[in-house]
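**Q** Sequence:
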Amino acid sequence: MKIAVTGKGGVGKTTFAATLARLYAAEGKSVLAADVDPDANLGLALGFDEETLDSIVPISKMRKLVEERTGASADNKFFRINPKVDDIPDAYAKTCNGVKLLVMGTVETGGGGCVCPEHVMLKRIINHLVLRSDDVVILDMEAGLEHLGRGTTAGMDRFIVVIEPGARSVQTYKNVKRLAEDLGVHQVSVVANKVRSAEDESFIKSRIPAEDLLGFIHYNEDVIDADRQGKSPYDFSEVATNEIKQIKEKIDQSMI
1 MKIAVTGKGG
11 VGKTTFAATL
21 ARLYAAEGKS
31 VLAADVDPDA
41 NLGLALGFDE
51 ETLDSIVPIS
61 KMRKLVEERT
71 GASADNKFFR
81 INPKVDDIPD
91 AYAKTCNGVK
101 LLVMGTVETG
111 GGGCVCPEHV
121 MLKRIINHLV
131 LRSDDVVILD
141 MEAGLEHLGR
151 GTTAGMDRFI
161 VVIEPGARSV
171 QTYKNVKRLA
181 EDLGVHQVSV
191 VANKVRSAED
201 ESFIKSRIPA
211 EDLLGFIHYN
221 EDVIDADRQG
231 KSPYDFSEVA
241 TNEIKQIKEK
251 IDQSMI
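The numbering of the sequence shown is our numbering, which starts it at 1 and goes up by one.
Hints are not guaranteed to be accurate.
As the list claims (entries may be wrong) - For lysine-lysine, the following BS3-like pairs were computed, each having C-alpha atoms within a straight-line distance of at most 27 Å: (1) Lys248 / Lys8; (2) Lys94 / Lys205; (3) Lys8 / Lys205; (4) Lys84 / Lys64; (5) Lys174 / Lys84; (6) Lys174 / Lys8; (7) Lys250 / Lys177; (8) Lys231 / Lys94; (9) Lys64 / Lys174; (10) Lys84 / Lys61; (11) Lys231 / Lys8; (12) Lys61 / Lys94; (13) Lys94 / Lys245; (14) Lys205 / Lys177; (15) Lys177 / Lys8; (16) Lys205 / Lys29; (17) Lys248 / Lys29; (18) Lys29 / Lys245; (19) Lys231 / Lys245; (20) Lys250 / Lys205; (21) Lys248 / Lys177; (22) Lys61 / Lys231.
For the record, the hints were derived by calculation from the structure and aren't laboratory data.
With these hints in hand, go ahead and build the complete structure from the sequences.
**A** In structure tokens:
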């Protein structure tokens, strides 16, 4: 199963992605979580300590590795578009609580059509992860839609858009659904986070088709406290974890 979790900044996609990864790991599944957000904090949400995370260099920042695999350098502007990457997940991933974390980083450049060695590396690695049929792969994507414009996430089984009860989040879902169709990804689902009331639930249900709505995660102070302490919400909030577990069960049922 290959899932890309996306959404606007601050909606809680990393909390959802990390808890989902921990739930699959708790079942004994082989889980690889890839952090593709430039503001990388998936590791904290998985339960890694800060010292370990500070030692990790994102793949996109490994200049020597990128040059070695693509052949690009200051003196050579031509590069391979199919670099060897099959060994990278196992060689560079760190493991905590049964989840392998691969910090990908992102390509810091303008425009949606970037073709550069770093982008080629990231795209090839993600494509390779899609082919790791025995793994559950969860991508915590950067905020916004830049990754969809670059086509980096083509081939995923499903996009899950984490939204808040608000018109702007709903618009993000609509944009992701449209762009995902262009990439050939037909499963685009929604998780509504930070839901505070029955009115919030009614708003979401009135804007999101029932077949796309996976469920609700209600506003929870324990999740906020876990974030303050740099800890995994999986270990802090039984309520939120159980809500995400119910969402996971719907995902599993839809894949049968």
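**Q** Take the hints in turn and mark each one as holding or not.
**A** Hint check results:
no.	hint	verdict
1	Lys248 / Lys8	holds, 21 Å
2	Lys94 / Lys205	violated, 39 Å
3	Lys8 / Lys205	holds, 19 Å
4	Lys84 / Lys64	holds, 14 Å
5	Lys174 / Lys84	violated, 35 Å
6	Lys174 / Lys8	holds, 12 Å
7	Lys250 / Lys177	holds, 19 Å
8	Lys231 / Lys94	holds, 17 Å
9	Lys64 / Lys174	violated, 39 Å
10	Lys84 / Lys61	holds, 17 Å
11	Lys231 / Lys8	holds, 22 Å
12	Lys61 / Lys94	holds, 17 Å
13	Lys94 / Lys245	holds, 24 Å
14	Lys205 / Lys177	holds, 17 Å
15	Lys177 / Lys8	holds, 14 Å
16	Lys205 / Lys29	violated, 32 Å
17	Lys248 / Lys29	holds, 13 Å
18	Lys29 / Lys245	holds, 15 Å
19	Lys231 / Lys245	holds, 19 Å
20	Lys250 / Lys205	holds, 17 Å
21	Lys248 / Lys177	holds, 20 Å
22	Lys61 / Lys231	holds, 26 Å
In this structure, the hints that do not hold are numbers 2, 5, 9 and 16, in rising order.
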